[in-house]
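So the protein lines, in turn, are chains A and B.
Using the working numbering, the letters of the first sequence correspond one by one to residues 1 to 527.
Using the working numbering, the letters of the second sequence correspond one by one to residues 1 to 527.
Please keep in mind that the hints were generated in silico from the structure rather than gathered at the bench.
Certain hints may be false.
EDC-like mimics (lysine to aspartate or glutamate), calculated; alpha carbons at most 20 Å apart, straight line [to be verified]:
#: 1; chain 1: A; residue 1: K519; chain 2: B; residue 2: D240
#: 2; chain 1: A; residue 1: K438; chain 2: B; residue 2: D240
#: 3; chain 1: A; residue 1: K492; chain 2: B; residue 2: D240
Computed list of chain B residues with no C-beta within reach of chain A, every gap over 12 Å [what the hints assert, rightly or not]:
#: 4; residue: E181
#: 5; residue: A275
#: 6; residue: H306
#: 7; residue: G330
#: 8; residue: D334
#: 9; residue: D440
#: 10; residue: E491
#: 11; residue: T523
Interface residues of chain A toward chain B, partial, derived using beta-carbon atoms under 8 Å [to be verified]:
#: 12; residue: G11
#: 13; residue: V38
#: 14; residue: H297
#: 15; residue: K299
#: 16; residue: W418
#: 17; residue: V466
#: 18; residue: L524
The beta-carbon is built from N, C-alpha and C at its ideal position, and this holds for glycine as well.
Protein chains: 2
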Amino acid sequence: MKSNFKISYPGSEKVYVQGTIHPEIKVGMRKVNQMPTVSIKNGERIEMPNPSIYIYDTSGPYSDDHATIDIEKGLPHLREPWIRQRAENDKENVCQMYYAKQGIITPEMEYVSIRENMNCKELGIETHITPEFVCKEVAEGRAVIPANINHPESEPMIIGRNFLTKINTNIGNSATSSSIEEEVEKAIWSSKWGGDTLMDLSTGPNIHETREWILRNSPVPVGTVPIYQAMEKVNGKAEDLNWEIFRDILIEQCEQGVDYFTIHCGIRLKNIMLAANRLTGIVSRGGSIISRWCQIHQKESFLYEHFDDICDIVARYDVALSLGDGLRPGSIHDANDEAQFAELDTMGGLVEKAWAKNVQVFIEGPGHVPMHKIKENMERQIEKCHNAPFYTLGPLVTDIAPGYDHITSAIGAAQIGWLGTAMLCYVTPKEHLALPDKEDVRNGVIAFKLAAHAADLAKQHPGAIVRDNALSKARYEFRWKDQFNLSLDPEKALEYYKTSNNVGGKYCTMCGPNFCAMKISHTLCDE
Amino acid sequence: MKSNFKISYPGSEKVYVQGTIHPEIKVGMRKVNQMPTVSIKNGERIEMPNPSIYIYDTSGPYSDDHATIDIEKGLPHLREPWIRQRAENDKENVCQMYYAKQGIITPEMEYVSIRENMNCKELGIETHITPEFVCKEVAEGRAVIPANINHPESEPMIIGRNFLTKINTNIGNSATSSSIEEEVEKAIWSSKWGGDTLMDLSTGPNIHETREWILRNSPVPVGTVPIYQAMEKVNGKAEDLNWEIFRDILIEQCEQGVDYFTIHCGIRLKNIMLAANRLTGIVSRGGSIISRWCQIHQKESFLYEHFDDICDIVARYDVALSLGDGLRPGSIHDANDEAQFAELDTMGGLVEKAWAKNVQVFIEGPGHVPMHKIKENMERQIEKCHNAPFYTLGPLVTDIAPGYDHITSAIGAAQIGWLGTAMLCYVTPKEHLALPDKEDVRNGVIAFKLAAHAADLAKQHPGAIVRDNALSKARYEFRWKDQFNLSLDPEKALEYYKTSNNVGGKYCTMCGPNFCAMKISHTLCDE
Chain A
1 MKSNFKISYP
11 GSEKVYVQGT
21 IHPEIKVGMR
31 KVNQMPTVSI
41 KNGERIEMPN
51 PSIYIYDTSG
61 PYSDDHATID
71 IEKGLPHLRE
81 PWIRQRAEND
91 KENVCQMYYA
101 KQGIITPEME
111 YVSIRENMNC
121 KELGIETHIT
131 PEFVCKEVAE
141 GRAVIPANIN
151 HPESEPMIIG
161 RNFLTKINTN
171 IGNSATSSSI
181 EEEVEKAIWS
191 SKWGGDTLMD
201 LSTGPNIHET
211 REWILRNSPV
221 PVGTVPIYQA
231 MEKVNGKAED
241 LNWEIFRDIL
251 IEQCEQGVDY
261 FTIHCGIRLK
271 NIMLAANRLT
281 GIVSRGGSII
291 SRWCQIHQKE
301 SFLYEHFDDI
311 CDIVARYDVA
321 LSLGDGLRPG
331 SIHDANDEAQ
341 FAELDTMGGL
351 VEKAWAKNVQ
361 VFIEGPGHVP
371 MHKIKENMER
381 QIEKCHNAPF
391 YTLGPLVTDI
401 APGYDHITSA
411 IGAAQIGWLG
421 TAMLCYVTPK
431 EHLALPDKED
441 VRNGVIAFKL
451 AAHAADLAKQ
461 HPGAIVRDNA
471 LSKARYEFRW
481 KDQFNLSLDP
491 EKALEYYKTS
501 NNVGGKYCTM
511 CGPNFCAMKI
521 SHTLCDE
Chain B
1 MKSNFKISYP
11 GSEKVYVQGT
21 IHPEIKVGMR
31 KVNQMPTVSI
41 KNGERIEMPN
51 PSIYIYDTSG
61 PYSDDHATID
71 IEKGLPHLRE
81 PWIRQRAEND
91 KENVCQMYYA
101 KQGIITPEME
111 YVSIRENMNC
121 KELGIETHIT
131 PEFVCKEVAE
141 GRAVIPANIN
151 HPESEPMIIG
161 RNFLTKINTN
171 IGNSATSSSI
181 EEEVEKAIWS
191 SKWGGDTLMD
201 LSTGPNIHET
211 REWILRNSPV
221 PVGTVPIYQA
231 MEKVNGKAED
241 LNWEIFRDIL
251 IEQCEQGVDY
261 FTIHCGIRLK
271 NIMLAANRLT
281 GIVSRGGSII
291 SRWCQIHQKE
301 SFLYEHFDDI
311 CDIVARYDVA
321 LSLGDGLRPG
331 SIHDANDEAQ
341 FAELDTMGGL
351 VEKAWAKNVQ
361 VFIEGPGHVP
371 MHKIKENMER
381 QIEKCHNAPF
391 YTLGPLVTDI
401 APGYDHITSA
411 IGAAQIGWLG
421 TAMLCYVTPK
431 EHLALPDKED
441 VRNGVIAFKL
451 AAHAADLAKQ
461 HPGAIVRDNA
471 LSKARYEFRW
481 KDQFNLSLDP
491 EKALEYYKTS
501 NNVGGKYCTM
511 CGPNFCAMKI
521 SHTLCDE
């Protein structure tokens, strides 16, 4: 496997911020250094410095010039000493929620508090996100830090509606496509553009091996849908699935280091037929498999029946649960229907069971939802699921744009993020059509990063506006490089800019030299 | 100039619906014919027909197999007999608003009422959009039909919040780029993808000639910003502008057939300095030019002072006015500030003056606005501008994504469209960076078509959901071709689909044959 996986961001350096409670922690950040603002007054050149801007950095050691990257060996074990220390002090429990309930601030909690407050200290911005606040949010289940003790390579991050809105990237091969190398490349690529977590949805051959490569080289938490691997074990025959097969795979993946599992345990036998009159039936892969199992055996699924056992297993590794919405609507027509909300109610009951065992849990949401029905989704989820974080796919606000569903879903994602969804599952332009390639992953990640950031601005997250203000100031002052360096995709911005005939010019590339509004506007201020 | 400008849509035919009040009118529509739903019951093949779906069609004669297209000669004069008839009956006035106030339903009004009710008659959907309703909306200024008597080539369309949400495409060259041929190609290209109106924002050489080619070949209303041509006349020196120069250009463009003018007449001398403390000053080209003029001459602009004269001129041609928001915010930081809202208040007063002269008018809006500040924009506009239609640029919900601003703006556009904005001005991926090429125009138009449609779904426009339902049913039944034919961009959907290894397969291309949720879901319903 090739090894040139280094990531670099133009005009940026990798810096680390040390912990206070836990001085051994070092939180990696991207620091963008800006050019000064230059003006001429009375024939004299005056330079006013512009502050460096810190950017939340998901790229891990890949963007550290001093780090040695070796895909064969995997990333360094950042969290290992913290995990070992806890094991020595307290042999009973490894769960973040267990410590949080006792008011103990783990290194992971302090880490995320530093990470969430980008630019606040430097610019004197007030923030509510202290380590104590993180601890309380985790204790009360409003936020989740997915952190399997067997994935010490991952950098702690938090999912909760009082924190920065996160995005998840789906990768993974199917029976008909792509190699392990391609998937590892996509995983690192996703981290480069800002993916906060990564789901490996492989269904093809070599599931275990693909996942191993991804886990050992992923600086972000990794999720899976274990039922996919279980299906491989029974040669695709849903009816042959059973608890024992599923349990063994769960343990296998916990041992490997998966940080969170999507499990469709909210499907009840009695609710399946609620989807019978739908336009698009059941569009969740896991949901359709479990529904079929229930129907053939005419009983409750082994996932629902064994939910306590599932919690007991994952609690030994501090793997978080993502309760999969097997009955999510797959079309505008089916949004907010009885089937969907019946499953949500079931999940609410399961949340309390998980918390009783210190298992961190969040809830997956739709799907396809028109804008006027989005709010009801969020409000019901908060109410029925007792404030557990919401993690939505989109939602897509119309069905009519295959090829552009990263946009239909970014529209819904920005809205539901503003209303309180903690993590947005990205959608690529190939949704409904084919598996994404690297360029699709990039387009999906950026569309969702901007939607998440728009949500953070609307929620007035401390310091979120700093980056917008810095970029806009650079734009107004024709500091083109600073503008690009501060943008979500500096490479794309530069590429487009170069198509104009104005590289380095003191006027807008759209307006031309004689019609530039910003140029004229400067003359207004000078006079 | 080359002439192979024919437009074809796969699986579609061009049909015409005749008027009732005015039997001479024929409204062009795109009719998508679907395959039947096939199932096997007891070994027998059963075919259930699926209805044809009508799609709002902005492509004019270009998509009519029987039409002869000759760019040199221009399009046929669809509206000429109606205009002639009115001239014979009533020598006094040519304005749609004049007739509307008297309760007279013009052919243009019946035309748009037929156009807005796509699929309603065929599928028995109730609709409030009758010719009488159109007439009332125009009379009361809530809706505008831009239709210069000298642009008889254009097909009537309506802009108002009780109608389908429209989108505008900006094209036009600047001093540094592109030829007339390229711009005409972009104009037709925009019509193909669904652009409802077209603004020619050329600032370079050959403004008049470029516009002539565009007008003679555009089946949709064309707008301009006349101050750009005025600036060419004074060699780019804003201070040399005056009423006489502007008036002559206005008349020239009225004579040529421009359907609406963006005029920045809401800028008052006393309000300019409100923008002084902004992060990004004045970002509207017209706004910056007029502000500079006011500041140099220390008086109210000739546009504000001569607003009545402007109305008198445009009323002779039934050109609509788009009151330009010269002080729109150019960054998240500057959204909803005093400068912006002071201009909106001014425009409210001008609306009433225009209506008194039967001039149709709409109001331009921002710009860059974070999501939580969008609603205030819409509510203030409705209140201060007496229900005149709102026409917004985006808004962009974050500043940090140059290269992806078609998405940041589609997010804001969908929201403000749902809240009541009547027309959305598209933004392309090159916004802030360079002028768009053809592919950028396509990406911008589709992003805004989907945002507008999402708004129509949320507003529950009669029949808007028909297309989503039909496409989703086709998707669920693996009628891939029908799915693509019904989509906003059939070519792109097909192109992406072909990258999968499953052309024609009865399973999702993302899931592969053994994991397809929809395939499994079908087995649930069959049992």
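Here's how the hints hold up against the structure:
In summary, the hint linking K519 (chain A) to D240 (chain B) is supported, as the alpha carbons are separated by about 18 Å, within the 20 Å threshold. Among the hinted pairs, K438 (chain A) with D240 (chain B) is inconsistent with the structure: their alpha-carbon atoms are about 53 Å apart, more than 20 Å. As the CA atoms of K492 (chain A) and D240 (chain B) are separated by approximately 40 Å, the hinted pair breaks the 20 Å bound. The beta carbon of E181 (chain B) sits about 18 Å from the closest Cβ of chain A, which is more than 12 Å, so the claim that it is off the interface holds.
In this structure A275 (chain B) is not separated from chain A by more than 12 Å, as the shortest Cβ-Cβ distance comes to only about 8 Å. Against chain A, the non-interface label of H306 (chain B) holds: every CB pair exceeds 12 Å, the least being about 22 Å. The non-interface label for G330 (chain B) is inconsistent with chain A: the shortest C-beta to C-beta separation is roughly 7 Å, within 12 Å. A cut-off of 12 Å between C-beta atoms contradicts the statement that D334 (chain B) is not in contact with chain A; the least separation is 8 Å.
For D440 (chain B), the condition that its CB be more than 12 Å from all CB atoms of chain A is violated, with the nearest at approximately 9 Å. Residue placement check: E491 (chain B) does not keep its beta carbon more than 12 Å from all beta carbons of chain A (closest about 9 Å). Look at T523 (chain B): its CB is around 7 Å from the nearest CB on chain A, not clear of 12 Å, so calling it non-interface is violated. A hinted interface residue such as G11 (chain A) counts as satisfied when its beta carbon comes closer than 8 Å to some beta carbon of chain B; here the least separation is about 15 Å, so the hint is violated.
At its closest, the beta carbon of V38 (chain A) sits 17 Å from a beta carbon of chain B; the interface hint therefore is violated under the 8 Å criterion. Contact between H297 (chain A) and chain B, as hinted, is not supported at the beta carbon level, the nearest pair being about 13 Å apart and thus beyond 8 Å. Proximity of K299 (chain A) to chain B is violated relative to the hint, the smallest CB-CB distance being about 15 Å (cut-off 8 Å). Proximity of W418 (chain A) to chain B holds as hinted, the smallest CB-CB distance being about 5 Å (cut-off 8 Å).
Interface restraint check: V466 (chain A) against chain B, minimum CB-CB distance 10 Å, threshold 8 Å, status violated. Taken as an interface hint, L524 (chain A) checks out: its beta carbon lies about 6 Å from the nearest beta carbon of chain B, inside 8 Å.
In the structure shown, a violation is registered for the earlier hints numbered 2, 3, 5, 7, 8, 9, 10, 11, 12, 13, 14, 15 and 17, in ascending order.
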